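> Use the sequences and the hints to build the structure in full.
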Amino acid sequence: MNHHEKPDTIFSIDDDEKVEEIKIQLLKAKIQCAQCDIHSDNIVNGDNFFDELMEPDK
11 MNHHEKPDTI
21 FSIDDDEKVE
31 EIKIQLLKAK
41 IQCAQCDIHS
51 DNIVNGDNFF
61 DELMEPDK
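Counting in the numbering used here, the sequence shown runs from 11 upward without gaps.
Worth flagging that the hints you see were computed from the coordinates, not collected in a lab.
Cut-off 27 angstroms, straight-line C-alpha distance, at most; resulting in silico cross-link-like pairs (DSS-like, lysine-lysine): (1) K40 <-> K28; (2) K33 <-> K16; (3) K38 <-> K28; (4) K16 <-> K28.
In this text, all values refer to a predicted model and were calculated from it rather than measured experimentally.
Here's what the structure looks like:
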């Protein structure tokens with residue numbers, strides 16, 4: 011099977027479930043890191059962060 015002149019990739023249901031489990035584990039790890047940052051007062055205002063990021067002189 012081809013799609014856009016490249017071979018299709020076929021995943022089994024088991025592989026798909028494993029990928030979903032990895033995604034869930036990654037999300038849990040990111041949440042845990044975020045909670046640690048919050049408890050350590052390592053936070054920034056999101057709007058200010060992106061405003062500073064988009065300033066032309068930075």
